[in-house]
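Chemist: Chain residues, written in single-letter form:
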Amino acid sequence: MTRTHRLQARIALSTLSLMLTTSACVSGSGSQDSSDDPIVIGVSLPLTGDFSEPGKGVERGYKAWAKIVNDKGGLLGRKVELKILDDQSNADRVVSDYEQLIGRDEVDLVFGPFSTRLVVPSARVVEEYGMLFVEPAGAAPEVFTQGFENLFYAAPAVADDHYNHLAEYILAMPESERPKTVAYAAMDDPFAQGTAYGLKERLQKAGIRTVTDEVYPPNTTDFGNIAAKIADSKADMVVGGTQYQDGVNLIVALQQLDYQPKMAAFSTAPTEPEFAKAIGNKTEGILAPTGYTQKADYPSNKEFVEKYTKQYGKAPEEDEANAYTTGQVVAAAVEAAECASQDPDCQDKLVKWLRGNTVDTVVGPLKWDDKGRPQSAHMIQQWVDGEIQIVLPDAQKEADLVYPKPKW
Amino acid sequence: MRRGSELPSRTHGLLHLGALLAAVAVALSFPSMAPSPYEITVGIAILNYAVLSTSWNFVGGFTGYISLGHGAFAGLGAYGTGLLTAKAELPPFVALFVAAALVAVLAVPVGYAALRVRGASFVIVSIALVLIMLLVFQSWASLTGGSRGLVVPRPFPGMLRAEHHRTFYFLFLALLATALLSWWVIDRSRFGMGLKAIREDEDKAQSLGTPTYTYKLVVFVVSAAFTALAGGLYALWFGDLDPVFQFSILSGAYMVLMALLGGVRHLYGPLLGAVAVGYALEYAKVEYGDTPLHLVVAGLLLFVVVMFMPDGVIPAAGALLARFRRTGETSIREVTAAELRGRREQDDGTEVRGSERTTRGA
Amino acid sequence: MSAPQEAPEPEREPEPSLATAGLTKSFGGVTALDSATVAFHHGKVNALIGPNGSGKTTFFNCVTGMIRPDAGRVTYRGRDLTGSPPHRIARAGVGRSFQLCRVFPRMTVLENLLAAVRPGSLAGQLARAGGRAETERARGWLTRMGIEHLERAEARQLSWGQQKLLELAGVLMSEPELILLDEPAGGVNPALIDRICDLVRELNAEGRTFLIVEHNMDMVMSLSDHVVVFDRGRPIAQGPPSVIQSDERVLGAYLGV
Amino acid sequence: MPSLSLVFQSVVLGVLLGGLYALLAAGLTLYFGVMRVVMIAHSAFLILAAYLAWYAHRETGIDPLLTLVVTVPLFFAAGVAIQRLLLTRLRPATLTMMSVLLTFSVALVIEGLLGYAFSGTQRRIRLGYSSASIEFFGARVAVVKLIAFGMAALALLGLYVLMKHSRFGQALRATIQHREAAQLLGIDTDRIAGYGFGLGLATAAVGGTALSLDTTIYPSLHWHWIGPLMAIIVVGGLGSVPGAAIAAMTLGMLQSLLQLELSTTWAQTVFYVALFATLAVRPQGFFGGRLAQRF
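Chains A, B, C and D supply the protein sequences, listed in that same order.
Counting from 1, position 250 in the first sequence corresponds to residue 250 in this note's numbering; the numbering is continuous, with no gaps.
Each number in this note's numbering corresponds to the 1-based position in the second sequence with 1000 added.
Each number in this note's numbering corresponds to the 1-based position in the third sequence with 2000 added.
Each number in this note's numbering corresponds to the 1-based position in the fourth sequence with 3000 added.
Honestly, the hints are just simulated from the structure, not real lab data.
It is possible that some hints are incorrect.
Estimated spans, in silico, between C-beta atoms of each pair [said to hold, decoys possible]:
no.: 1; chain 1: C; residue 1: S2222; chain 2: B; residue 2: V1105; range: 54 to 60 Å
no.: 2; chain 1: D; residue 1: A3280; chain 2: C; residue 2: S2222; range: 48 to 54 Å
no.: 3; chain 1: B; residue 1: A1088; chain 2: A; residue 2: Q396; range: 46 to 52 Å
no.: 4; chain 1: A; residue 1: K205; chain 2: B; residue 2: A1088; range: 32 to 38 Å
no.: 5; chain 1: C; residue 1: R2152; chain 2: B; residue 2: A1101; range: 38 to 44 Å
no.: 6; chain 1: B; residue 1: L1028; chain 2: A; residue 2: G74; range: 42 to 48 Å
no.: 7; chain 1: B; residue 1: T1214; chain 2: C; residue 2: A2021; range: 27 to 33 Å
Glycine is no exception: its CB is placed at the ideal position from the N, C-alpha and C atoms.
Using the sequences plus the hints, can you model the full thing?
Modeler: Put into structure tokens, the structure is as follows:
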């Protein structure tokens, strides 16, 4: 047993030295503010793990924003510099990332992460350090009911409002022509469910019957049973609260059953560039809400699309645009408040300014209510003649909404 | 065990005590040495790992039963504490202990199903437990909030974040100390001797009169309760719960990896493993951020530990040390070829005996 | 069924120790124990012999609770133990060794013995293992086996023979009245066999009953007071060694006639 | 109340799903039978095979079914290698526990490497006949699901014939039932155990290809397969291939029917409810082999 004892002593010692190294190693940097230093902006993004694909899109949007700003001379005469950490799509990590960015790296500003699931915990950290939190991805209703005072969502509308234009369109139809029954299927995810249930609430209120309402976990890969239930209900309309791949799978499963609704709306998936190929080009008549279009003629959008395309060799999508919008919103506040630092007064000024002003962005002019909800609406797009085109609202439409939809 | 009572000299005991005191001193002064709250959160994360893997080691270390599902108990402790605070409006720290007690109660039927039969079924049940809890907590959204998550009210409203971290650092430290102390008490007790006998040879232990099933069940429940306490404390500290993160097989696997790496037969093994793995994770994140290779690294590490040093680094280091010392231990061995053969048969024979084992109720 | 030999009765009726009635166990289609009814004598050295596959080990496992019989009863000194779990049977005073010696390989020799101590109360459970009294008792047994100098070695470092002695010491530490030994001479050199025989005699003289399964006929015949012969899962003969040695059925069973 | 046609549709879907479960559970049972090993990495190899099929299809456009020509022998060899090079080196006394950790680590490595190579994005093979279906007594059955079921059924049939009617099969069954007895009969049980492992992993190759035809794949998907599969082999009785197949069909069907009334998530719990019920009531399994008794 002698050996065991000596060993335990050794272990205790090595533990000690390890802990010392930890503290020695993680201390270190820490910068003094001066007007020549770049403005450092901290971000945590899911660059690996379940949300890595959209996470990388958001990263590209942020980087494009920083490049465009720096090419024009920076903010307040200072260059901007992004410090991006990977949170591995994990809530523990996202919180420790923002702790690190704010506490150890002493960044001047922060941008939000991706995915509603990660927005709420990270918003809490940032809120408790009293910093402005503009985020590109937390659209679910829960984000805005936590009592955050420094949070702003940098997109046209929260999830529940995505289908507002479509709901108005349906309710404006003569009652005999309206779809009378609807089948809903939504992924168990605050954002995806939010979009479908926002529409459901409005349609139900108008007396349009819900005949099926399915919620499936994000890991669902086989949609045979869900599709069977929807097809069996023979609903006039199907609404999918979907992300990308589950939307594709659901549509393919519905097509396998030869289910032909008069109207079919799915969030996110139909606006992705890969969509048409993924479902074998049987896209006719599928509807989808979108917060962004490359064709929008807001002045900053033309610049964004052009420079982004030059930088990345392809046009930006919604994730990129929302990230870019976040940058624009923060930049507007910084220029108005003429400061960018962790100093509570400065952060306070930034928040106050955004509360009371409208910001012009690539998704149009944005203003927020006192909970940080943006006050605009999403456009509705439809696949018409093999191309996705804006059909609602009338002011922006590129084509007429086709109803009832042709067979797929 | 009569560890220490017959040492040729007392110096080793003193050295041990001194090192322990020094470690405690460092642990206690760490928050005031930390340059920013971030370092304290890293400290908390590592302490949390240490409590979890030490709790795991009540089952893994003593009985040799490897549970991959302890993440479920941590998640249940977290959700239990969160729900009791948020919905039943219990005071946070009352909720913490009530939740741990409830998890302990739940561990009884789980243990009943898992431990009644030996070996493989235990592992299967432990993994299944995580997966089923994930499904239940996702589906039962009206109670748990489902994928929208659950917000746990702050136990100390109005406390500044840095102060909040500091407080929880000491709470975690206290929990770790309690867990280590409990492990130590069991380790040197007759109960612990019985458990270790189960680890070595369950049939043999039972034939000597140890009520193996009861012993396993008791220690399983104790382990679950400590794990739930760690999970609950984490919930109070962290504030946001999401089933996907609370009920993850990976977190259970990390507990195993840490304990195994440090050495399951030693009091400080899991703690050491937690410090090493926790520190490595943090370091890897800061240095090599954004590749999914951390899974590969964790997998390879587990692989190396299982294949080459199943007793952990402490005995591996000890063996290395012994090789330098070259003590006269070989003199005990007087093995003949026939005896070697016999021993090999003995090993193979495990299966024969296994084939005649039966399931045993309480 | 059970056809006990009309062996010459001993002067006094022996007190029954372990006894079974109609004990049956089959694995799949193979019947390992076929309604075995047998009784052993208290205070004596009993032996159980029979060809390979005659059900001896299954019998051991059934009476010690390691496997549950399909039918039949097991009693020990009149107390019904059928279906009891092994630790209850151990606590009733029945200790056993295993066919291929089993010790706790990664525990020290002393710990191997301390693990056999059975605390009663909760406080006793949590009390420190290896108190003065039980350590002294453990050392007593180690000394008796002649392996006291190895007390702090891990059991796996011991030689095969030493492990056999350690296993016996462990069983004795659990204070059994009846000790079941499964092939105590298996794989052991002649000197050690003599040693084990001496130990059995001494311990028997001190009042412990033995039931030994053994292939070494010299050992069985020299050591035992009462021999039971198994074939195809049931006893075919029983009696003192002298009678068994000349029993035709026994010879038949062994030679496969 | 769901309509009759919907119930029938669900039964058909349940059978199709159960077939795949049966094949994969058969593999898991083989490992357990020959080595008493719970092979956690089974489903990780399943996903690996699906990725290989997807990758080959994306790069060259060949039909995913053709990848079987490569993956089946490859996986067989990998199975033999895992058994011979890794598992036999573990200490017999702790084999059951340590093998779980070992195969767990293999699963982690596979998942990590897949994530590294192909990112976490969900993938799906696009086939010309992806959305085609045929009518079957009023139920609509997707062609791809039928093909997947057909593959599973053929592979299971092949396994059955191999185990029942070949010398190797006899040796394998003997090894599963009683290793020592098999050794006494002159069977080289080490070699047989290696082949048994290879065979088990080959089922993952077939299953993975079948899976890739109709569903999305992503690196961490294997966790959602291993749970149900482990439940199936316990319910079916550890070590019994027919038991596993029956349990797979039953539970697959139950899951499909439960989805009529419950949400997808609740329906998935049927596997675990069955698992716990089995262990509490009848630990040796319901259809099963005598093997389970011993553990």
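Chemist: Could you run down the list of hints and mark each one as holding or not?
Modeler: Do the hints match the structure? See the list:
no. : hint                          : in the structure
1   : C:S2222 x B:V1105: 54 to 60 Å : holds, 58 Å
2   : D:A3280 x C:S2222: 48 to 54 Å : holds, 51 Å
3   : B:A1088 x A:Q396: 46 to 52 Å  : holds, 50 Å
4   : A:K205 x B:A1088: 32 to 38 Å  : holds, 34 Å
5   : C:R2152 x B:A1101: 38 to 44 Å : holds, 41 Å
6   : B:L1028 x A:G74: 42 to 48 Å   : holds, 46 Å
7   : B:T1214 x C:A2021: 27 to 33 Å : holds, 30 Å
Violated hints are absent here; each numbered hint is respected by the structure.
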